[in-house]
Amino acid sequence: MTVSLSIDASALPTLPLRRQRHLAGRAMLLLAGAVAFGALLPLGFILWIAIDTGWQTAFALIWRPRVGELLVNTLLLELCTLPPTILLAVALAWLTERSDLPGAKTFAWLTVAPLAVPAFVQSYAWVSLFPGFHGLPAAALISVLAYLPFLYLPVAAQMRRLDPALEHAAASLGHSPQRVVLQVVLPQLRLAICGGSLLVGLHLLAEYGLFALIRFDTFTTAIIDQFQSSYNGPAANMLAGVLVLSCLGLIVLEWLLRGTARYARLGSGAPRPAPRHRLGAWRLPSLALPLGFAMLSLGVPVLTLSRWLLAAGGAAWRQPALAQAVTETLGYAALGALAAAAAALPMAWLSVRSPGRASRVLEGCHSYLGALPGVVVALALVTVTVRIALPLYQTTATVILAYVLMFLPRALVGLRAGIAQVPVELERAAAALGRSPAGSLLAVTLPLAAPGVAAAMALVAMGVSTELTATLLLAPNGTRTLATEFWALTGELDYAKAAPYAVLMIFLSLPMTALLHAQTRKSLGA
Amino acid sequence: MTQLVVSDVSKRYGATVALDHVSLSVEAGSRVAVVGPSGSGKTTLLRIIAGFEAPDAGRVTLDGQVLADGPAIAPAHRRRVGYVAQDGALFPHLDVAGNLGFGLPRNAPDRADRLRELMEMVELDPAMLTRRPDELSGGQQQRVALARALARKPALMLLDEPFSALDTGLRETVRQAVGRVLSRAGITSILVTHDQAEALSFADQLAVMRDGRLVQSGRPDELYWRPHDSRTALFLGEGTLIEAEIGDGFVASPLGRLPAPTSGRRGCGTVLLRPEQIVLGPPRSEGPNAIVQSVSFGGSRCFAQLRLAAGETELLLTAQVESIRLPAVGAAVSVEIRGDAWLLPEADRHGGS
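The listed protein sequences derive, respectively, from chains A and B.
When you number the first sequence by the working numbering, it's gap-free, plus one each residue, and the end is 525.
When you number the second sequence by the working numbering, it's gap-free, plus one each residue, and the end is 355.
In isolation and in its complexed conformation, chain A is listed as follows (with noise of 0.2 Å):
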């Protein structure tokens, strides 16, 4: 026995030896860093244009009446829009959240609602209800009915999580209830405001469709104003670089304004949930705040598009290009999900499994581009397929990757909320039973991960769904797409042919609003 033990022995083979800061993360690592290394290239654009064009050009491009009036409208947008949705936002979510207000459930939903109605949608709505509605109020109008949601979701989910004895405490030191809210409240929804108030800044950066159909200049229209007229010049690229240095811009603003106090909970256990106020008098009347918001927001949208199919018959809905329109837009909203979710997974899995300096390097090329408006991609995108792919020009390929470098961060916060919820133990097992790394992220990690994998394909499928910007400047000719065919009829005012579309587009994004809304009460507990 013991002489066949030592053939045995002899007869094993040399295992491979490798040094790995990260185990059996190498792989990983180099396929999250090619993903990085495409997710930079809208950034390599900007880089490039900067230093292509030259100070010269860039400067008498620039330093123009037509750049200074965008600043003026954006800066103006911006300054209209924020402190109204702020302010709405913050009563809206301390009534439903910590006050005894009559069906405070229901108009939670209501409130969230409105961001199943994509932004070029509610703009729709308005226009055709008011034509003569254009300008700045209009802009900031719809701009806050449009969204306030990115603001209540998170300022919401803070007022739900606040220890209500820190206001006990403030109570029994002798302040007032006003100067409570003043002082202990509204400080510690400093950073949920921030954090919504960003996000909502760049959305009115980056939209296109909202402010095109009421005739507001921003950076983006102009930007496909120019591209549409004079296809692909200079001109639009430092409009682009401008547009990207506002964004810059807002994310330093909120990093100065964020401040670096602590807001977590000091002590131990978990809060008591907050009692919610009463409002005696005032309870029947609070409800004109939440119910205006809700008529204005989703009962004019839904007003506009009965009269408009009602107008119509059936014949809108019998349009021969709206169920080829259907098909290519659930066509594309698949793939972009696949694409962008196979593009995030070798990053969500090292930002679980392998945190360190390396990662988080890589997941801010990755996250990055969640601020980068989807013209800049776009035109990013235009410029590297003219000049060094030909071929991929206006092809689909090109247009998926145009979604998967746009909803890479929504589709890596899902994916790695997904690995996170599976135990590093069983992939152990695996490793032990003889599986590689890469088949045991295939054949463990990600069945047991599919909820959270569901949910992010989901969330890009939605967004691609009802995407305007970079379809519109890259799709092949004769694509049509819910959004595209939507936007062609409102540009020849055939509002009636183009309810249907938007129809369409709000029941594509419900799923969307109810699986964020359930999210941000879930990851409280609630």
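Hints are not guaranteed to be accurate.
What follows is a list of derived Cβ distance ranges for each label pair [said to hold, decoys possible]:
#: 1; chain 1: B; residue 1: Pro94; chain 2: A; residue 2: Arg189; range: 52 to 58 Å
#: 2; chain 1: B; residue 1: Asn109; chain 2: A; residue 2: Ala341; range: 39 to 45 Å
#: 3; chain 1: A; residue 1: Pro422; chain 2: B; residue 2: Ala187; range: 24 to 30 Å
#: 4; chain 1: A; residue 1: Gly37; chain 2: B; residue 2: Arg154; range: 36 to 42 Å
#: 5; chain 1: A; residue 1: Glu424; chain 2: B; residue 2: Gly300; range: 50 to 56 Å
#: 6; chain 1: B; residue 1: Pro39; chain 2: A; residue 2: Leu39; range: 46 to 52 Å
#: 7; chain 1: A; residue 1: Arg25; chain 2: B; residue 2: Arg303; range: 48 to 54 Å
#: 8; chain 1: B; residue 1: Glu29; chain 2: A; residue 2: Glu424; range: 43 to 49 Å
#: 9; chain 1: B; residue 1: Glu122; chain 2: A; residue 2: Leu39; range: 43 to 49 Å
#: 10; chain 1: B; residue 1: Asp169; chain 2: A; residue 2: Pro101; range: 48 to 54 Å
#: 11; chain 1: B; residue 1: Asn109; chain 2: A; residue 2: Lys104; range: 52 to 58 Å
#: 12; chain 1: A; residue 1: Ala103; chain 2: B; residue 2: Pro107; range: 54 to 60 Å
#: 13; chain 1: B; residue 1: Asp169; chain 2: A; residue 2: Glu424; range: 18 to 24 Å
Residues from chain A that keep clear of chain B, each with C-beta distances beyond 12 Å, as calculated [to be verified]:
#: 14; residue: Asp51
#: 15; residue: Thr56
#: 16; residue: Gln177
#: 17; residue: Arg434
Hint data in this document are derived by calculation from the structure and do not stem from the laboratory.
None of the values given here were measured: they were computed from a predicted structure.
Heads up, the beta-carbon is just placed ideally off N, CA and C, and yes, glycines get one too.
Given the coordinates of chain A, work out where chain B should sit on it, guided by the hints.
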């Protein structure tokens, strides 16, 4: 012939030293228990052998095949090492058959037979193959986890506290079943545990770890009766440490002259008496007498604390007593010592290793 060799392995996490120059060799077919308090580095050692961690320095070889050479390591999935985790780590999305067959080739012709064989091996009903992990009891889950690891016929089986999540009653049965399965399969195995009773009964070689170091290894009875230091002595079981004067083949203690292997040492030393060496009797006029201070009743294992007045010093002794004849608290008893006392090696008295 030696199978697994761990030589001079060190590992630190930041400022914490998890393993400090640990060396261990495991004979083919033997069962080793690595025992130590939590934080002693025993789980880190196991994970380095399994390939889930890389050591900072040192080598690990299995049958001459190098598994780790400093921070360069062979991938976990290429090693012939099975691993059973604390909670079994069954894949919740697969049924028992899926779990058992996870490491087997998917289209092996004898797959079904092999699964049934594995179930029988761990004494489970093959009808359970279609159950899901959450429909199994804790003990059944551990058996499935063991069978899953056995399916690949590993050269070495690692068990990471696999019984600690089980109820006390179940723990004993599962431990015995696992021991039976492993010896029938003839697989070298390493059990990591913080439970000394489990370690003593499972292993034919015991390795005691403390603060990242391997302080002593050997046969369980050898470690129990002849520990290298007082902490190991008291970690492995109850005992009384007595300061005594060393003679030639005996020590002079308050209990009188006790036979002890002294191997030529002189001066003073510490001797160990296990509770089962101390036998109580009716008080006598000659020989040491003691007073029963307290009795701790523990079912089949009962202990009495005795106070012995010897000159100016008082001595506390722990003796094992029969549960059917418990002494009364406060009673005077005579004390008789069976067997040799164990004189702890000198190094321990100076706190060095």
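Is the Cβ of Thr56 (chain A) more than 12 Å away from each Cβ in chain B? 53 Å, holds
- Measuring Cβ to Cβ, find out whether Asp51 (chain A) lies farther than 12 Å from everything in chain B. At roughly 45 Å from the nearest Cβ of chain B, Asp51 (chain A) sits farther out than 12 Å, so the non-interface label holds.
Cβ separation of Asp169 (chain B) and Pro101 (chain A), checked against the hinted range 48 to 54 Å: 52 Å, holds
Check your understanding: Can the suggested window of 36 to 42 Å be confirmed for the beta-carbon pair Gly37 (chain A) and Arg154 (chain B)?
Key -> 39 Å, holds
Asn109 (chain B) and Lys104 (chain A), beta-carbon distance inside 52 to 58 Å?
54 Å, holds
Inset, instruction - Evaluate the given range 52 to 58 Å for the C-beta pair formed by Pro94 (chain B) and Arg189 (chain A). - result: Violated - the Cβ-Cβ distance for Pro94 (chain B) and Arg189 (chain A), about 41 Å, lies outside 52 to 58 Å.
For Ala103 (chain A) and Pro107 (chain B), compare the CB-CB distance with the range 54 to 60 Å and indicate the outcome. 59 Å, holds
- Query: Taking the CB of Pro422 (chain A) and the CB of Ala187 (chain B), does the distance hold inside 24 to 30 Å?
  - Reply: Once the Cβ atoms are compared, 28 Å apart, the range 24 to 30 Å for Ala187 (chain B) and Pro422 (chain A) holds.
### Message
Can you tell me whether the CB distance of Asn109 (chain B) to Ala341 (chain A) sits inside 39 to 45 Å?
### Response
27 Å, violated
Worksheet item: In this structure, is the beta-carbon distance linking Arg25 (chain A) and Arg303 (chain B) contained in 48 to 54 Å?
Response: Hint holds: Cβ distance 53 Å, inside 48 to 54 Å.
- Query: Has the hinted range 43 to 49 Å been met by the Cβ atoms of Glu29 (chain B) and Glu424 (chain A)?
  - Reply: 29 Å, violated
Can the suggested window of 46 to 52 Å be confirmed for the beta-carbon pair Pro39 (chain B) and Leu39 (chain A)? 50 Å, holds
Checked against the numbered hints given earlier, the structure breaks hints 1, 2, 5, 8, 9 and 17 and satisfies all the rest.
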